[in-house]
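*Asks:* Chain by chain, the residues:
Protein chains: 2
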Amino acid sequence: MSEEGYKRKEDCPLTFALTIIGSKWRLPIIWALWKNKRIRYNELKRQVDGITNMVLSQSLKEMEKQGLIVRTQFMEIPLRVEYSLTEAGEALIPSLKSLAEWGKEMQIKVKAHV
Amino acid sequence: MSEEGYKRKEDCPLTFALTIIGSKWRLPIIWALWKNKRIRYNELKRQVDGITNMVLSQSLKEMEKQGLIVRTQFMEIPLRVEYSLTEAGEALIPSLKSLAEWGKEMQIKVKAHV
DNA sequence: TCCTTTACTCAGTTTTTACTGACTTAGTAA
DNA sequence: TTACTAAGTCAGTAAAAACTGAGTAAAGGA
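Protein chains in written order, with the working numbering: chain U, 1 to 114; chain P, 1001 to 1114.
It should be emphasised that the hints constitute simulated quantities derived from the structure, not laboratory data. Since this is a predicted model, take the numbers as computed values, not measurements. Incorrect hints may have been included.
What the hints assert, rightly or not - With beta-carbon atoms standing in for the labels, derived distance ranges:
{"hint": "1", "chain 1": "P", "residue 1": "V1055", "chain 2": "U", "residue 2": "P78", "range": "21 to 31 Å"}
{"hint": "2", "chain 1": "U", "residue 1": "E90", "chain 2": "P", "residue 2": "S1084", "range": "34 to 44 Å"}
{"hint": "3", "chain 1": "P", "residue 1": "L1079", "chain 2": "U", "residue 2": "K37", "range": "51 to 61 Å"}
{"hint": "4", "chain 1": "U", "residue 1": "P78", "chain 2": "P", "residue 2": "A1091", "range": "16 to 26 Å"}
{"hint": "5", "chain 1": "U", "residue 1": "A88", "chain 2": "P", "residue 2": "S1023", "range": "18 to 28 Å"}
Claimed, not checked - Restricting the straight-line Cα-Cα distance to at most 30 Å, the calculated cross-link-like pairs of lysine-lysine (BS3-like) are:
{"hint": "6", "chain 1": "P", "residue 1": "K1111", "chain 2": "U", "residue 2": "K109"}
{"hint": "7", "chain 1": "P", "residue 1": "K1035", "chain 2": "U", "residue 2": "K45"}
{"hint": "8", "chain 1": "P", "residue 1": "K1111", "chain 2": "U", "residue 2": "K65"}
{"hint": "9", "chain 1": "P", "residue 1": "K1104", "chain 2": "P", "residue 2": "K1035"}
{"hint": "10", "chain 1": "U", "residue 1": "K45", "chain 2": "P", "residue 2": "K1065"}
{"hint": "11", "chain 1": "U", "residue 1": "K65", "chain 2": "P", "residue 2": "K1024"}
{"hint": "12", "chain 1": "P", "residue 1": "K1045", "chain 2": "U", "residue 2": "K24"}
{"hint": "13", "chain 1": "P", "residue 1": "K1065", "chain 2": "U", "residue 2": "K111"}
{"hint": "14", "chain 1": "U", "residue 1": "K104", "chain 2": "U", "residue 2": "K35"}
{"hint": "15", "chain 1": "P", "residue 1": "K1065", "chain 2": "P", "residue 2": "K1035"}
{"hint": "16", "chain 1": "P", "residue 1": "K1109", "chain 2": "P", "residue 2": "K1024"}
{"hint": "17", "chain 1": "U", "residue 1": "K24", "chain 2": "P", "residue 2": "K1097"}
{"hint": "18", "chain 1": "U", "residue 1": "K109", "chain 2": "U", "residue 2": "K65"}
{"hint": "19", "chain 1": "U", "residue 1": "K97", "chain 2": "P", "residue 2": "K1024"}
{"hint": "20", "chain 1": "U", "residue 1": "K65", "chain 2": "P", "residue 2": "K1104"}
{"hint": "21", "chain 1": "P", "residue 1": "K1061", "chain 2": "P", "residue 2": "K1109"}
{"hint": "22", "chain 1": "U", "residue 1": "K37", "chain 2": "P", "residue 2": "K1097"}
{"hint": "23", "chain 1": "P", "residue 1": "K1109", "chain 2": "P", "residue 2": "K1097"}
{"hint": "24", "chain 1": "P", "residue 1": "K1061", "chain 2": "P", "residue 2": "K1024"}
{"hint": "25", "chain 1": "U", "residue 1": "K109", "chain 2": "U", "residue 2": "K97"}
{"hint": "26", "chain 1": "U", "residue 1": "K104", "chain 2": "P", "residue 2": "K1104"}
{"hint": "27", "chain 1": "P", "residue 1": "K1061", "chain 2": "U", "residue 2": "K109"}
{"hint": "28", "chain 1": "U", "residue 1": "K35", "chain 2": "P", "residue 2": "K1097"}
{"hint": "29", "chain 1": "U", "residue 1": "K111", "chain 2": "P", "residue 2": "K1111"}
{"hint": "30", "chain 1": "P", "residue 1": "K1109", "chain 2": "U", "residue 2": "K61"}
{"hint": "31", "chain 1": "P", "residue 1": "K1097", "chain 2": "U", "residue 2": "K65"}
{"hint": "32", "chain 1": "P", "residue 1": "K1035", "chain 2": "U", "residue 2": "K24"}
Glycine included, every Cβ here is placed at the ideal spot set by N, Cα and C.
Please take these sequences and the hints and turn them into a complete structure.
*Replies:* Here's what the structure looks like:
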């Protein structure tokens, strides 16, 4: 998409990026991860208000596979597991900020129309 | 989200931006609109391969309400209707390009891991 | 002893999103 | 007369995503 037509939509880097950040809870998770630098599972769950264990744990697994985050397990009892953004994950932030600024402008315009 | 915590997720400009571009067909539509500058309904449908009338027409309506696109109807017979991005819609493009570049890097990394 | 914490997992159900395929009105071309 | 183009609409259904609520093991505290 970014340059020319892709045969399959999955090949388009932009569509690909959206599959990574486009579902309901991805941004809140990424945001909490970024604010906290590193964070434990339950604390993350508290910060990402309203998320269920199922969605959170599955999201974390997928994001780990995708190379967005790292999971570090400490050999302690009780178990300690910390999550943090990878470099690739952090590289997303500027794009998100740019999108957020556009979103902010749009919100203002939408309000002005009411 | 972009600066501080929002009480409601809908208030976050980034979440808001994603509701605009995050569903399955939004990017392909925006992309076609941007490439063509102005385009008629059926031509748009041909270019956005695989989209159904229902999804396309509903998407266009919502995007018009959101101020992303304009619908211009010509008083001709047969009916001619053209769609194009608004300024606000075009302002999205740089953010999308930035996201697309990030996506491209990620795709390369993912492939390297296989 | 009972309750809480840690980091999850799971079956079942609801909600959301998208797809199927037919239909519309008016005009042109074969 | 039949068929096709324009720009859609619509009821019904399937598929995808998210939610509900409970359960797990091992340890610490009241």
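*Asks:* Which numbered hints are broken by the structure, listed smallest first?
*Replies:* Numbers 1, 4, 6, 7, 10, 18, 21, 29, in rising order.
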